[in-house]
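S.K.: Using the sequences plus the hints, can you model the full thing?
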Amino acid sequence: MEKQFPVGKSFFTALRDVNLDFGEGEFAGLVGPSGSGKTTLLNIIGSLDQPTKGDAEVMGKSISELNHKQAAQLRNEHIGFIFQTYNLLPVYTVFENVEFSLLLQNHTAAERKKAVMEALDWVGIADKAKLKPSTLSGGECQRIAIARAMVKKPKLVLADEPTANLDSKNSHHILQTMKKLNEELKTTFLFATHDEKVMGYLDRIVKLEDGRVVEDLVNEKLKM
Amino acid sequence: MLKFIIKGILRDKNRSVLPVMVVSIGVFLTVALSAWMRGIFGDMTDLNANFDSGHVKVMTCAYNENKSQIPNDLALLGVEEFQKQFEADYPEIEWAHRINFGGLLDVPDENGETRAQGTMVGKAVDLLSPDSKEIDRMNLRKALSAKNASRLPQKQGEVLISQDFADRFGVKIGDDVTLFGSTMYGSMMFSNYTVCGTIKFGNAVLDRGALILDIRDARMAMDMEDATGEMLGFFKEGEYEDVQAKAIQASFNAKYTQADDEYSPTMVILTDDSTIGMYLQMANSIGGIMVFVLILILSVVLWNTGLLGTIRRYSEFGVRLALGERKVHIYKSLLGEAVVIGIIGSVLGTAMGLWLAYYLQETGIDFSALMNNVTMMIPSVYKAKITPETFYIGFIPGLFAVVLGNALAGRAIFKRQTSQLFRELEV
Ligand SMILES: Nc1ncnc2c1ncn2[C@@H]1O[C@H](COP(=O)(O)OP(=O)(O)O)[C@@H](O)[C@H]1O
Ligand SMILES: [Mg+2]
Chain A
1 MEKQFPVGKS
11 FFTALRDVNL
21 DFGEGEFAGL
31 VGPSGSGKTT
41 LLNIIGSLDQ
51 PTKGDAEVMG
61 KSISELNHKQ
71 AAQLRNEHIG
81 FIFQTYNLLP
91 VYTVFENVEF
101 SLLLQNHTAA
111 ERKKAVMEAL
121 DWVGIADKAK
131 LKPSTLSGGE
141 CQRIAIARAM
151 VKKPKLVLAD
161 EPTANLDSKN
171 SHHILQTMKK
181 LNEELKTTFL
191 FATHDEKVMG
201 YLDRIVKLED
211 GRVVEDLVNE
221 KLKM
Chain B
1001 MLKFIIKGIL
1011 RDKNRSVLPV
1021 MVVSIGVFLT
1031 VALSAWMRGI
1041 FGDMTDLNAN
1051 FDSGHVKVMT
1061 CAYNENKSQI
1071 PNDLALLGVE
1081 EFQKQFEADY
1091 PEIEWAHRIN
1101 FGGLLDVPDE
1111 NGETRAQGTM
1121 VGKAVDLLSP
1131 DSKEIDRMNL
1141 RKALSAKNAS
1151 RLPQKQGEVL
1161 ISQDFADRFG
1171 VKIGDDVTLF
1181 GSTMYGSMMF
1191 SNYTVCGTIK
1201 FGNAVLDRGA
1211 LILDIRDARM
1221 AMDMEDATGE
1231 MLGFFKEGEY
1241 EDVQAKAIQA
1251 SFNAKYTQAD
1261 DEYSPTMVIL
1271 TDDSTIGMYL
1281 QMANSIGGIM
1291 VFVLILILSV
1301 VLWNTGLLGT
1311 IRRYSEFGVR
1321 LALGERKVHI
1331 YKSLLGEAVV
1341 IGIIGSVLGT
1351 AMGLWLAYYL
1361 QETGIDFSAL
1371 MNNVTMMIPS
1381 VYKAKITPET
1391 FYIGFIPGLF
1401 AVVLGNALAG
1411 RAIFKRQTSQ
1421 LFRELEV
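Protein chains in written order, with the working numbering: chain A, 1 to 224; chain B, 1001 to 1427.
Please note: incorrect hints may appear among the correct ones.
Derived pair list, reagent style BS3-like, types lysine-lysine, alpha-carbon separation capped at 25 Å [stated by the list, open to error]: (1) Lys197(A) to Lys169(A); (2) Lys1236(B) to Lys1084(B); (3) Lys1236(B) to Lys132(A); (4) Lys128(A) to Lys1236(B); (5) Lys9(A) to Lys1236(B).
Far from chain A, by Cβ distances over 12 Å, these chain B residues were calculated [what the hints assert, rightly or not]: (6) Gly1008; (7) Asn1014; (8) Ala1088; (9) Asn1192; (10) Val1205; (11) Ser1315; (12) Val1319; (13) His1329; (14) Asp1366.
For the record, the hints were derived by calculation from the structure and aren't laboratory data. Bear in mind that the values here come from a model prediction, so they are computed numbers and not experimental data. Glycine included, each C-beta is placed from N, C-alpha and C at the ideal position.
M.R.: Pasting the structure below:
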């Protein structure tokens, strides 16, 4: 697969000759220096962007063939996103932020409440449900973001630099949380990161450099 | 989802306060100004109708052609009979006879010698018939001076003179005055009256030097038995109806006006006077004009505040897209927010506007100091008029402008690539 961005009159190739395969339940990471194309690849897999050449197949669906509506539906039903900057909606409570994912689907208020509380429970902040994100720490915010991504029980979670704004204690905490969810719910996790701490948790590390895959190794130490 | 939108608006002060303020100020101005303008133009129309032109007016053809000279020698004769015929033909109209004339008013001293003398515009109306509506039409009770023992004429021979004239010549209540003029047939006439009251209409033209007397007195003095200068017709319903007036005019003139007889009656209607026609049109269209202007201004302002708001909210839109919301859906929710904000702003603005309009309706603003030299029949206290329109008119620009503003601002969502919108939240 290849991805080009128009830059002025010419093009900038952000991804080239990328040929990867991720299996269900993987806990894998795209690793590489800033500008190596990690986010670009995550966005394509997340159907937020389209490849220029080649294709990406996600859960049996060809990304380049999805229209807006189908792409939105794919994200809504199967993909959860976690960002470096949490991107919580500041005017809503913790509960409402997590609930938002479900509002786009047809659930009754009772179903939503049950699912949201369960998700907050997974990440250990059920007691903060009624608070506003602005009153919480960065680590707590990222846990809300994880709850928001997980509440609809997606098959795939894409996490772009989830630990970049966190200290090491909080980083380890959320990584453990995600690893636990990966094991219990069989959710596939795909990270984009250049954080050493994250790499320690990954089962598989795909190294990117200037848009190319330069290494793809399975972390044998953790596999055991 | 709607609940979510409303919660968002209520909690996000940045998102709601500014637009609500902009909308309510705009709506406030529309409501108050349109009620005020409507009141002013309506008052101008009424003033002209009540004092001068009626809703319709019947004169002889010759009188009409020379009306600027108030030619009572061309007055309509046989008015008793005409009155009966008109009443039968046009039951929706009630009639009032009026004689206007010019003259000299002489104020004698105790020896009967002239103490002061001034020109005077006389208006003879039916003051004494118990069922006459003329006192109300000319608002005479309110115009009576409160500074002295002024009262309305109660018998023939009693007259009202304008306060200005009385002040200028030191005329007091109970003084006798002599009117010099000419009869309908052109001979000299003079006639004595007692001043029973002084009046001030608050209109420069009317207040300059007016004498108001009962039409019987004028008929007697001017030899105008069974004659009148003008017959004013008013719709019994009270409001002027242009379409109906035009129809009545056409049928009247076809029936009564004879091309070869310049003494045959002819009818003119209120809007034949182009200035009044314009007042009336303004009174009826001012709301529409204000709404149009306001939609233009408000939408541009709200478009810009909306743009700022949208840029500020890219991260929110990015997240919502990532969660699987469609762009169209986000766009629609922006329009939904606009409706909610528009309604809140319009309700607030209308309430404030009604409050000011009510004040302006009851009290008005007095411009008389500025209007000493005005020669038009316009009121000097400018009052508003609250109509049913006042209650809903603000909602049109209020809602329309926010929705339009957000609709324009929200296009940014579509203009950007999804991943691009998204990238902007990664900074
Ligand atoms: N929309 C875009 N237009 C132009 N260049 C882009 C665009 N998006 C990303 N790029 C470029 O592609 C390269 C890879 O970006 P990105 O995937 O964000 O890298 P990473 O996430 O690994 O830091 C960078 O050099 C970046 O400048
Ligand atoms: Mg990146």
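S.K.: Now tell me if each hint is right for this structure.
M.R.: Now for the hints, and whether the structure bears them out:
no. : hint                     : in the structure
1   : Lys197(A) to Lys169(A)   : holds (10 Å)
2   : Lys1236(B) to Lys1084(B) : holds (16 Å)
3   : Lys1236(B) to Lys132(A)  : violated (66 Å)
4   : Lys128(A) to Lys1236(B)  : violated (72 Å)
5   : Lys9(A) to Lys1236(B)    : violated (78 Å)
6   : Gly1008                  : violated (5 Å)
7   : Asn1014                  : violated (9 Å)
8   : Ala1088                  : holds (73 Å)
9   : Asn1192                  : holds (84 Å)
10  : Val1205                  : holds (61 Å)
11  : Ser1315                  : violated (5 Å)
12  : Val1319                  : violated (5 Å)
13  : His1329                  : violated (8 Å)
14  : Asp1366                  : holds (49 Å)
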